[in-house]
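Just need the whole structure built from these sequences, with the hints factored in.
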Amino acid sequence: MKARALVRLWSIFGEPLWVFVGMGFPVLSSLAFSLLYYSIGAAGYIGFAVLGGVMVSFWGNVLWSMASQFNWDKQEGLFEIYLTSPASISAILIGMSVGGIIGTVPSAVIVTVLGWALFHPAVNASWGGVALTFGLTLASLYAMGMVLSSLYLTYGREAESMNEVLQEPVSMLSGLYFPVLGGSSPFPLALQAVASLIPLTIGMDALRKTLFYGDSVAQVWPDMAALAVMAVVLLILSSYALKFLENLGRKEGTIAVRIR
Amino acid sequence: MSEPQLPAVEVEGLRREFKTKGPPVVALDGVSMKVRQGEVFGVLGPNGAGKTTTIRILSTLLLPTGGWARVMGFDVAKEPEKVRKVINMASGAEKAGYDFISAKRNLWFFSQLYGIPGDVADRRIGELSERLGLTKYLDRKFYALSTGYRQRATIARAFVNDPKVVFLDEPTIGLDVMTARSIRDFLIEEARKNGRTIILASHNMAEVEAICDRVAIVDKGKILTEGSPEDLKRSLGAPALVMEVSPPQAGFEMLAKVPGVKGFTSSIEEERGLSTVQAVVDSDAAARAAEDAVRKAGLKVVASWRKQATLEEVFVALVGRGFKEREEQDVV
Ligand SMILES: Nc1ncnc2c1ncn2[C@@H]1O[C@H](COP(=O)(O)OP(=O)(O)OP(=O)(O)O)[C@@H](O)[C@H]1O
Ligand SMILES: [Mg+2]
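Residue numbers (our numbering), protein chains in the order written: chain L, 1 to 260; chain B, 1001 to 1332.
These are computed hints drawn from the structure, not numbers from a lab. Just so it is clear, the structure is predicted and the values come from calculations on it, not from any experiment. No residue lacks a Cβ here, since even glycine has one placed at the ideal position from N, Cα and C. Among the hints, erroneous ones may be present.
Reference listing, derived: stretches of chain B covered by chain L, where coverage requires no fewer than 3 residues with Cβ under 8 Å from a Cβ of chain L [to be verified]: (1) 1057–1066; (2) 1084–1093; (3) 1113–1126.
Structure (structure tokens):
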């Protein structure tokens, strides 16, 4: 588990170019939204955009590296090595998550520093609440990544295109750049309900409350409880899914995808 | 004699079918075998014989559809977690590793899947690399290693957890003679000195002959025969007959009717203007009868001699055809 995290870091920082490529997207999109809010005078939203840029880095990491990495491993024959070892696949995925989180930190820091330097968004934070919600959001986000990974194992390339389909609507729905839950949401209630099934949505909402409105832990506890429940449920789900899919693969002979 | 030891691998009536769009493919059709601890056991057979399927079932990547298999006493279908603690495997077709990290860190990472303490892992990686001639290349990124060194690293990985049983699927495929030889020497040493059991799937006769204590010859999902390479060769009875025949031609069906001829292969040598025929015979008389049969068909036997039997001839004798012919059939 620790080892998997290290491998992740070694390969990310072994090729510094990748770090920059990976950072480019969240930085640019965050700046674009910030500029937009700035120009229409919605200064109150600028902080949201910067926060969105930070979170989109992690979201992108979950979608693009973590979930699809396992599929890649499978094609390279690495997955067989995991399976024939006594290590649990869940532990390997958790290691991958930790590595992914740490690997994404530089990008998140750059967005934060740039955002603050350029736009000085007004912050009114309860830092304890921020830290807790941030941690819980990441936990549930990466737990979701683990579930996605297991899907990748069965559906391989189809899942890859699912990723592309998911990326934009989820970024929208989950309110990476603007609030989607509550009174100021541009979405109807039904859509808000759907959106809140995505851990990122609740996480973003809670983060905004704690970071910009000074809400304390006591005030955002329902969000936090929801995030914690989601993280646990998703974790359990992924561990069952992995076991189930491993057995299915052993039965159907689909663990190896090589064509000879 | 010491008390009977637990077999490293025990397989009984193993079957595996694959669903396909057409009729199901029977990859294994009732395979049984027993491998002692510390033995190098070869599974030899042509393409599609079921070698990889056997290895996959034994290494818990695939479930059998019939029969059972045990590794160090653990059932591969019901107790995969226990099997996984005592095995490792490597495939020559894969040479898997993370491209952007060094060979050493790759090895270290894989050792951690087995929960080996860091210092023990480091020491073992050092030793294995030294013996496999990999030490100089340990700090290279995996993608920057040549095929040969990547394969050495893959072999090192397969031993990094001090496994009791190691499964190797064509470990020297695509390697030059020198690299293949050093890997073979390493494998022999692992079995002889460290008492490791090695199951080697291969279609390379020379390799199997060089390092295996015992061989099972498989074809179409069945074991045709089993024994030490020496015994198998001796079982043929007499040295093989080689004939050079002109004019060159492909068909030597007349040999099939000669009593005592167990099988044959032939090839055309255009530039020399003749055909070479190798026949597996059970006696000297059968060899003479084979030559007569060729002459009676109106062909000239330019030269003929006898040759010490090889495993290939054992195979030919068993199925009446050679590996090459089988491969050509598969292409069609
Ligand atoms: N996952 C699968 N799905 C369908 N058929 C399969 C699958 N795996 C193997 N087979 C079939 O089972 C048979 C045995 O295959 P296997 O890979 O075990 O042969 P092999 O002896 O390893 O051959 P090679 O020398 O080509 O590696 C072949 O006919 C093959 O096409
Ligand atoms: Mg094979």
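Status of each hint after checking the structure:
no.: 1; hint: 1057–1066; verdict: holds (count 5)
no.: 2; hint: 1084–1093; verdict: holds (count 7)
no.: 3; hint: 1113–1126; verdict: holds (count 3)
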